[in-house]
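Engineer: Residue numbers (numbering that gives the first Met the number 0), protein chains in the order written: chain A, 0 to 348; chain B, 0 to 348; chain C, 0 to 348.
Honestly, the hints are just simulated from the structure, not real lab data.
In this text the structure is predicted, and so the values were computed from the model without any measurement.
All C-beta atoms in this analysis are idealised placements derived from N, C-alpha and C, irrespective of residue type, glycine included.
Don't take every hint at face value.
[What the hints assert, rightly or not] Some chain A residues flagged as far from chain C (calculated, every beta-carbon gap over 12 Å): (1) Gly20; (2) Val52; (3) Gln107; (4) Val120; (5) Gly144.
[Stated by the list, open to error] Pairs of lysine-lysine, PhoX-like flavour, derived with a Cα cap of 20 Å: (6) A:Lys330 - C:Lys335; (7) B:Lys335 - C:Lys330; (8) C:Lys21 - C:Lys45.
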Amino acid sequence: MAAIKLQALAEHLGVELRGDGKRCVQRVETLERADDLSLCFFGDRKYRTELGVTRAAAVILAEKDVPLCPVAVLVSANPYLTYARAARLLHPEPAVTGGIHPSAVVAQDADIDPSAWIGAVAVVEAGARIGPWVFIGPGSIVGAGCHVGEKSRLVARVTLCAGTWVGKRVLIHPGAVIGREGFGFAKDGQRWVRIPQLGGVRLGDDVEIGANTTIDRGALEDTLIADGAKLDNLIQIGHNCSIGENTAMAGCSGISGSTRIGSNCTIGGAVGMAGHLTIGDDVHFTGMTLVTRSFTEPGLYSGAIPAMPNAQWRRGIARFRHLDEIARRLKGLEEKLDQTNSEPQQEPE
Amino acid sequence: MAAIKLQALAEHLGVELRGDGKRCVQRVETLERADDLSLCFFGDRKYRTELGVTRAAAVILAEKDVPLCPVAVLVSANPYLTYARAARLLHPEPAVTGGIHPSAVVAQDADIDPSAWIGAVAVVEAGARIGPWVFIGPGSIVGAGCHVGEKSRLVARVTLCAGTWVGKRVLIHPGAVIGREGFGFAKDGQRWVRIPQLGGVRLGDDVEIGANTTIDRGALEDTLIADGAKLDNLIQIGHNCSIGENTAMAGCSGISGSTRIGSNCTIGGAVGMAGHLTIGDDVHFTGMTLVTRSFTEPGLYSGAIPAMPNAQWRRGIARFRHLDEIARRLKGLEEKLDQTNSEPQQEPE
Amino acid sequence: MAAIKLQALAEHLGVELRGDGKRCVQRVETLERADDLSLCFFGDRKYRTELGVTRAAAVILAEKDVPLCPVAVLVSANPYLTYARAARLLHPEPAVTGGIHPSAVVAQDADIDPSAWIGAVAVVEAGARIGPWVFIGPGSIVGAGCHVGEKSRLVARVTLCAGTWVGKRVLIHPGAVIGREGFGFAKDGQRWVRIPQLGGVRLGDDVEIGANTTIDRGALEDTLIADGAKLDNLIQIGHNCSIGENTAMAGCSGISGSTRIGSNCTIGGAVGMAGHLTIGDDVHFTGMTLVTRSFTEPGLYSGAIPAMPNAQWRRGIARFRHLDEIARRLKGLEEKLDQTNSEPQQEPE
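Using the sequences provided together with the hints, build the complete structure.
Structural biologist: Rendered as structure tokens:
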């Protein structure tokens, strides 16, 4: 790791330095573990004690927090973003060295840029096109006719099924399966007959796909993950779904076929969506929400019962089963009371 | 892709053609993208505008929709099933060419039919039997003593743990893990001691297993997936479960150990079932339902709170926590009112 | 399989034998399928009929159940634990033979104990250290600088990302991904900018990780899975989480980043936890519970609505949406009735 002077760092990040610009930082670290070559981030006043005694060389923080910091500061309007950039500068992605590992199995007619790396026991099938500085990690499978755009990384053991299209700077984590033939069947009496799935999957630029996440290919048209969308681990995306730009999905969510999600949405963990829905831009769902209808208005939506002591929950559920009856009885009471109250006024007659 | 005359197609499918039988189709396509070699499907009147202007050669549809269609029609009592068959005819599964890729690792005593294909960097362990026209895709692992029946396909990177039995025409998608030693432990004080899992997994004929789905082996007897059952992606099936014939499960569901599900059930996405339950035939659960008891009567069952605006949800949850108290207060009011109403009648005394 | 005399077995297990100590058992079996070389377990009186007619050589059971058993008994205060040990004795883990499969790809500077096995098409990257009697199953990937402690088993197709630390006697099932770069981003306008994830993952001794489970590396510090913790299949553990000793998690659960779970907890299937929570020791959650706040008191906690007939559920949900209004109306009625009841007392004035 090379060290960088704070003055140069501040200029690179476009933020103001208050402190000795000739001091160096070499890595990012927590406030507690920092030493005199460490750069830290402060964004939550819960950690002000740690900030007060940090031995870091410098801390990235907001203007309002400057008085709390005993060491040099990099003052940012968006400290977390500044930290992201600083951390990437100090800890760059490993450079890709072009070549093909001798144990990789590459089809003769695959078109592999010389700057790309094909890792150990990886498989690249017929007609695949691998762009510049692409990293195909060990054990990955790039199916026939796939396209992988420049600087994309398949970390390890990724499966791209035939015909998958991957944009630039896409990051795909181990175990992800892109382009599986989706879950489409017609009924023949009680038997299920598979509908051939002839569409593909198209991942835009700067997309991220988590470990063991699965994205099914479309039936006739493509399943789409738009530029900048970020999907966490163990997510299922059904055939013909479309996920909008910069939409972020936390782990364990499942989206049924043909549902279209807009841009700049956030989908909490383990959210489940029915099929054929339309979710607008800037729509947000909290974790474990069941989505059974379209939501086109921006906003925050929720379902699910948060944890409570089991005995309380049991009583609540028992009542929930009779909620309709409870509501009817309440209405009945209201009517009865209205009648009771109106009767006395008739008494004088 | 070979073209097929509409007359021959109609005969093959056993449906009535209305239009020029000498015209050809070559592929299935959406109504909007169809050209004069395309065959389409129409099943939802939401798309009647697209149907009205389609340039397809022919459309598969129901009798009642014939008047809406400007081109040749294939009239079917079950248009979607007819479409499934037509699509498979026009887009057949790739044929399997027998052989073993040089990079595959195959045990000497594995019994591999000459018509079967063992793909790149696949592993076939001791005593495994691979039937005719089986396709073992790249990176798959077939454990010791496994059986894979004829025409089954392990698409890629599938793991069959030792002793797994796979029927005929089974389709297993990438990343699936069949036959993992299930989650069984005895307690020794606070420590967990593993119960050896000595059963296996048996997949019937025409079963389909989705990407990254996991099916655990039985403790002593086998975990069973019956003929024609279809499992989507990211599903977990615990040890000693049994899934009945033609039962279909959508993605992200989890079934705890020793639960038995009947035939012709449909399990929505992300359904969770407790262990040791019995679910009858023709039982259906909507998505994200929690199943904590047996359901033996056919029917549709549900749980889970569908999404609503977060503020409304918060108020609802706050009340849910006091639902038992609300019900008691309601009962109290009813009694009070009964008393109040009966008192005036006593006044005259 | 070698046979063992009941007398020797009882001594090994430290339990009392009642019956002929010279008889042998060779394997564990169900009560129904047992023959005269079988050892069985009885723990649930639901199976007393099967016990009454079993042909097993011997049955492990509790003192109170001895009268029900027609054959030799091994009487244990914890029959299931005794069974676990007996089953492991009769069905030992396959021994590990040291060596490296010729198809494995092992970095020159990897430090591999001669007693360890590196399986077919496995990859061991630079600087990895593999301890004695470790089993690296086929298709597994051990990233640069990983440590795998003695007697640990990566069953097959496991991915350890760079720098992962694995203790002793750890069992990792196929498809698991340990050490993926976690889901951390800063916002730059609408775009997400990745936060480099520079911590690692540390698995303690005797940990078990299920098939296709994913555990993300920490942002700066390590994600920790403590000694004896057992994780089932398809679980997601976010970055910087900590799972305590002997805590067991059932399948399909997802834990968001920086949540700390104590020791001796049980987490039911498909439980979802928000991030940055603290869960104490001996806290238990039933299946499909949503955990949105910290729980530090030991106890059993629940959420989720169990399945009910769809029509009943629909009515209940419709009322749930108005639960706040229902509660307000109830309060209104109570006040009205209080007033009504107090009014008559004022009438005499």
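Engineer: Against each hint, give a clear statement of whether it holds in the structure.
Structural biologist: Checked hints:
1. Gly20: holds, 24 Å
2. Val52: Answer for Val52 of chain A: holds, closest chain C Cβ roughly 17 Å.
3. Gln107: holds, 21 Å
4. Val120: violated, 5 Å
5. Gly144: It holds; Gly144 of chain A is separated from chain C by about 24 Å at its closest Cβ, greater than 12 Å.
6. A:Lys330 - C:Lys335: Answer holds: Lys330 of chain A to Lys335 of chain C is near 14 Å, not above 20 Å.
7. B:Lys335 - C:Lys330: Within the cut-off at roughly 14 Å; holds.
8. C:Lys21 - C:Lys45: Status violated; Cα separation ~30 Å.
Of the numbered hints listed earlier, those contradicted by the structure are 4 and 8.
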